[in-house]
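Peer 1: Given these sequences and hints, build the entire structure.
Heads up: the protein sequence lines correspond to chains A and B, in order. Position 89, counted from 1, in the first sequence is what this note's numbering calls 383; the numbers after and before it change by one each time, with no gaps. Position 91, counted from 1, in the second sequence is what this note's numbering calls 97; the numbers after and before it change by one each time, with no gaps.
Think of the hints as simulated: they come from the structure by calculation, not from any bench. Each residue gets a CB set at the ideal place from its N, CA and C atoms; glycine is no exception. Do not rely on the hints blindly, as some may be mistaken.
Simulated coverage check for chain B against chain A, where a stretch passes if three residues somewhere in it have a Cβ under 8 Å from a Cβ of chain A [said to hold, decoys possible]:
(1) 45-53
(2) 109-118
Taking CB as the label site, the calculated pair distances span [stated by the list, open to error]:
(3) A/Asp312 <-> B/Ser86: 40 to 50 Å
(4) A/Lys345 <-> B/Ala64: 24 to 34 Å
(5) A/Ile361 <-> B/Leu121: 30 to 40 Å
(6) A/Arg354 <-> B/Met9: 21 to 31 Å
(7) B/Gln20 <-> A/Ser371: 25 to 35 Å
(8) A/Ile374 <-> B/Asn62: 34 to 44 Å
(9) A/Ser405 <-> B/Gly88: 35 to 45 Å
(10) A/Thr356 <-> B/Leu121: 15 to 25 Å
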Amino acid sequence: GQQLNQSPQSMFIQEGEDVSMNCTSSSIFNTWLWYKQDPGEGPVLLIALYKAGELTSNGRLTAQFGITRKDSFLNISASIPSDVGIYFCAGRGYQAGTALIFGKGTTLSVSS
Amino acid sequence: DAMVIQNPRYQVTQFGKPVTLSCSQTLNHNVMYWYQQKSSQAPKLLFHYYDKDFNNEADTPDNFQSRRPNTSFCFLDIRSPGLGDAAMYLCATSLIATGLKNIQYFGAGTRLSVL
Chain A
295 GQQLNQSPQS MFIQEGEDVS MNCTSSSIFN TWLWYKQDPG EGPVLLIALY
345 KAGELTSNGR LTAQFGITRK DSFLNISASI PSDVGIYFCA GRGYQAGTAL
395 IFGKGTTLSV SS
Chain B
7 DAMVIQNPRY QVTQFGKPVT LSCSQTLNHN VMYWYQQKSS QAPKLLFHYY
57 DKDFNNEADT PDNFQSRRPN TSFCFLDIRS PGLGDAAMYL CATSLIATGL
107 KNIQYFGAGT RLSVL
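Peer 2: Structure (structure tokens):
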């Protein structure tokens, strides 16, 4: 079945630093989604990507749908303490009826 | 305002005692999903309803059941909870089940403890 690798598993950074995380799949995806989950809460959608090469921003967050359709990255610029949480990528393949596949998450810690 | 609402936020049950978790949505979405999420892991899809059609994942144990009495509500029933069923249970909805615009919106989750 389809697999999705997300890295890094965790990051420890200083406030103000930029952050980058990425996901790669074993097959072509037609949708990439990036979610953030705060402790004890459900995932909240940050950015949705639908086209190869698409670059989308949401405030300090920028995500791109890789040209190969097998990868996506999320960048956070000038991190702040409230960026702390777990970031999940999720994607879906082209085959009809395929479920959304989640990465294992990147845990971000920000020290001030 | 919350669009996917899960109740309760925290649920404690005893080993083997049936428990029901609730999810409601104000989005009028066709699809409702139930995920199980254990600590530091990705959400794992248990099943979903597309309108009234129930779609079970192949590896979901029979201990987990679901009901969707109407568009707005969906329930997760755990018939005989074991210690290994302690987890966060997430409900999500989407307008459609497939296609590019299938964005899933999550509720805040129910944290289930099994004593």
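Peer 1: Look at each hint and say if it fits the structure.
Peer 2: Checked hints:
1. 45-53: holds (count 5)
2. 109-118: holds (count 8)
3. A/Asp312 <-> B/Ser86: 40 to 50 Å: Distance hint for A/Asp312, B/Ser86 holds at roughly 49 Å.
4. A/Lys345 <-> B/Ala64: 24 to 34 Å: For A/Lys345 and B/Ala64 the Cβ distance comes to about 31 Å; the hint holds.
5. A/Ile361 <-> B/Leu121: 30 to 40 Å: violated, 51 Å
6. A/Arg354 <-> B/Met9: 21 to 31 Å: holds, 24 Å
7. B/Gln20 <-> A/Ser371: 25 to 35 Å: Cβ of B/Gln20 to Cβ of A/Ser371: about 48 Å, so the range 25 to 35 Å is violated.
8. A/Ile374 <-> B/Asn62: 34 to 44 Å: holds, 42 Å
9. A/Ser405 <-> B/Gly88: 35 to 45 Å: Holds: the Cβ-Cβ distance is about 39 Å, inside 35 to 45 Å.
10. A/Thr356 <-> B/Leu121: 15 to 25 Å: Violated, since A/Thr356 and B/Leu121 (Cβ atoms, about 45 Å apart) do not stay within the stated range.
Going down the numbered hints, you'll see the structure goes against 5, 7, 10, while the others check out.
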